[in-house]
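Between the sequences and the hints, there should be enough to build the whole structure, so can you do that?
Each chain is listed here by its residues.
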Amino acid sequence: MNRGRAKAAPAGDAPARLGPRDALRVGAAGLRARPMRVFLSALGIAIGIAAMIGVVGISTSSRAQLQATLDRLGTNLLTVGPGQDFFGEDAQLPKESVGMVGRMPDVESASATAKLDDAGVYRNDHIPSGESGGISVLAARLDLPKTVGLDVAAGTWLNAGTAKYPAVVLGSAAADRLGVAAPNVQVWLGSQWFTVVGILEPNQLAPELDAAALVGWDAAASHLGFDGHPTTVYTRAREDAVAKVRDLLAATANPQAPTEVQVSRPSDALAAKNATDEAFTGLLLGLGGVALLVGGVGVANTMVISVLERRAEIGLRRSLGATRGQIRLQFLTESQLLAALGGVGGVAIGIVVTAVFAVSQGWPTVVPVWAMAGGVLATLLIGGVAGLYPAIRAARLAPTEALAAP
Amino acid sequence: MTVVELREVTKTYPGGVTALDGVSLSVGEHELVAIVGPSGSGKSTMLHLLGTLDRPSAGTVLVEGTDVSRLPDRRLSALRARRIGFVFQQFHLASGVSALDNVADGLLYGGAPLAQRRRRARRALERVGLGHRLDHRPHQLSGGEKQRVAIARAVIGEPALLLADEPTGALDSASGAGVLDLLRELSGAGTTVVLITHDRDIAALLPRQVRMRDGRIVQDDARVEAAR
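So the protein lines, in turn, are chains A and B. This note's numbering applies: residue 1 is where the first sequence begins, and numbers increase by one. This note's numbering applies: residue 407 is where the second sequence begins, and numbers increase by one.
Misleading hints may appear alongside valid ones.
[To be verified] Computed spacing ranges between beta-carbons, pair by pair:
no., chain 1, residue 1, chain 2, residue 2, range
1, B, Asp627, A, Gly384, 53 to 59 Å
2, A, Gly384, B, Gly428, 44 to 50 Å
3, A, Ala404, B, Leu540, 27 to 33 Å
4, B, Arg413, A, Ala373, 57 to 63 Å
[To be verified] Listing some non-contacts, in silico: residues in chain A with all C-beta distances to chain B over 12 Å:
no., residue
5, Ala16
6, Asn184
7, Gly228
8, Glu239
9, Ala275
10, Trp363
Just so you know, the hints here were simulated from the structure itself, not pulled from any lab data. Here a beta-carbon is modelled for each residue, glycine too, at the ideal position from N, C-alpha and C.
Below, the structure is given as C-alpha cells:
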C-alpha cells in the first residue's frame with residue numbers, strides 16, 4: 001500500500017449524507033420496536049388534532065348546510081314592516097303598500113300578511129281566551145307561498161274560494177300546539193269555527209309564519225274585522241338588484257312617512273346567527289389546541305425515555321460511522337414520525353366525528369382541506385419541537401459512554 | 407505497512423484515573439493481534455482509542471498514517487464508517503430486524519443505496535457461513551450465530567481494521583472457537599484484526615499477543631521478536 005494515498009484517503013473524506021429515505025427508515029425502525037408506546041403517544045396527539053378537525057369540520061358543515069339552505073330559499077327576500085312614528089307609537093303601513101311595492105322595477109313579486117291582534121285561535125271553544133299558545137292569527141294574501149317560498153306539508157294553500165270563507169292554514173308549530181295532525185278539522189278562531197285546509201312546512205326565512213294561523217284577506221275582513229293594513233310586506237327582488245330595491249322600499253311602501261318603515265333581509269339574520277356560533281367555535285379550537293399541546297409533551301416524554309433506553313444503540317451507530325448530526329436527525333425524524341402518525345390518525349378521527357355529527361343533523365359533511373393539511377403540518381412542527389431536546393441529548397452522548405450502557 | 411499506531415499515548419479520565427500511561431503500539435497489515443489483560447488494565451480504553459471512539463489526553467494516534475487526535479468529530483465518524491469495523495461482546499444487534507438488514511446497516515453511514523447494502527450484506531453473511539439465516543431475527547439465532555452476524559456487519563464495508571471487544575465473552579467455548587476461527591480466516595483474507603480479551607487461553611491462540619497491566623504494555627511479542 002502506498003503511504004501517501006493512505007494518508008490522504010481518510011483525512012480528506014467527509015462523512016456521507018444520510019438520504020431522506022434512509023433517515024425515514026431509521027426513524028421508523030425505532031418506532032416499530034415499541035408499538036404500544038408509540039400507539040399511546042400518538043393517541044395523545046391524535047386526540048388534540050381530532051378535536052380541532054372535528055370543531056372545524058362541524059362548523060364548516062353547518063355553514064355548508066346554511067349555504068345550501070340560502071341557495072334553496074334565496075337571499076333576495078326582503079320584508080317591510082311598520083316601525084314606530086315620531087312619538088314612539090306603533091306605525092301602520094298604508095293599505096296600498098303591497099301594490100306599490102309590487103309595481104317597483106326589479107321587484108319580482110310582493111305579498112303581505114297582516115297581524116290580527118284581537119283574534120286568537122284555540123283547539124275548541126272551551127279553552128279560555130288568552131291561552132292562545134303564542135299562536136298569532138294572520139291575514140294572508142294568496143300569493144304569499146310563491147313570494148316567501150312556502151311549502152305545504154298537508155292539505156292545500158288557500159285559494160280564491162276558501163279565502164272568503166272561514167278556512168285557515170296552520171304553520172307547522174301552530175299545528176303542533178293545536179294538536180292538528182291533518183287538515184279538515186275545525187279550530188275555534190275569533191269566536192267562530194274555522195276549518196283547517198292545510199298545514200305548512202317550517203320555513204327558515206320566515207320563522208314568524210311557523211307559529212301562525214293564516215286566514216284569507218277577505219275572510220279576515222268579513223269575519224274578523226280586519227282593517228286592510230298589512231303588517232309585513234314580503235317581496236322578492238331580482239338577485240342583482242337587491243340592494244337597490246332595499247334602499248327604495250321604505251319610501252315606496254309608505255311615501256308619506258318613510259322613516260316609519262322597517263326593512264329587513266331575513267337571510268342576513270340567518271347568516272348573523274351563524275356568525276355568533278363562530279365565537280364558540282374559536283373557544284373549542286382553543287381547547288383542542290391545549291389537548292394538542294399536552295400530546296406534544298407526551299411525545300417529548302416518550303422521546304426522552306427512548307434516548308435513555310437506547311444508549312447502546314446510539315453507541316453502536318456512532319461506531320458504525322454515524323455523525324452527531326445523523327444521530328440528531330434520527331431522533332428528530334422519529335419524533336416527527338411519531339407525531340405525524342398521531343396527526344394522520346387525528347385527522348381520520350376528526351373526519352369520522354364530523355361525518356357522524358353531520359349525518360345525524362342531516363347536514364352535508366365538509367372538512368376543509370386546509371384544516372387537514374394544517375393538522376398534519378402542525379404535528380410535524382410539534383414533533384420537531386418535542387424531539388429537539390432528546391435528539392440533542394442523544395447526539396451529545398460520547399460514543400464510549402453510550403457503548404458502556406447495558 | 408502500519409494500519410494503526412499509538413505513540414506515547416496517555417489517557418486520563420476526569421477524576422484522575424489514568425487508564426493508559428504512555429503506551430506505544432503499532433499494528434501492521436494482515437496482523438491478528440490479541441490484547442490481553444485483567445479488567446482495569448486499560449485494554450478497553452486502548453480499543454476505544456484505536457477505533458477513534460475516544461481521544462487521547464496526550465500522545466498521537468495514527469490510523470493508516472493519519473493523525474486522528476485532532477480530526478473533527480465528523481471526520482472521525484467518516485473514518486469509522488469506511489475504515490474501521492467493530493465487534494462487541496453484547497453483539498448490539500437490532501431486535502426485530504432480520505440478520506440481512508442488521509448487516510446492511512453496517513454500510514448505512516457510508517452512503518451506499520439500500521439495494522446495494524442488502525446485496526453486499528447477503529455476501530457478507532455468506533462469507534461468515536450464515537447464508538441460510540438471512541431472514542432470521544436475532545432472537546431466532548444462537549449466540550455464536552449472533553456474533554457471526556455482528557462480524558458480518560463489521561466487515562461488510564471491507565474495513566482496514568477490525569476491532570473486536572471480547573467477542574467470545576458471551577459465548578460457550580464451542581461457539582467461541584468458531585468465532586475465533588472466523589476472525590482468523592478474515593485476517594488471512596487481508597483484514598487487520600485487533601482482539602481484546604481477558605482470557606489468556608484465547609490470546610494464546612493468536613499469532614501476536616500484547617499483555618497489559620495497569621495501563622502499560624508489559625509484554626509485546628512483536629518487540630520480543632524485534633529484539634531477537
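>> Tell me the numbers of any earlier hints that the structure contravenes, in ascending order.
In response: Failing hint: just 5.
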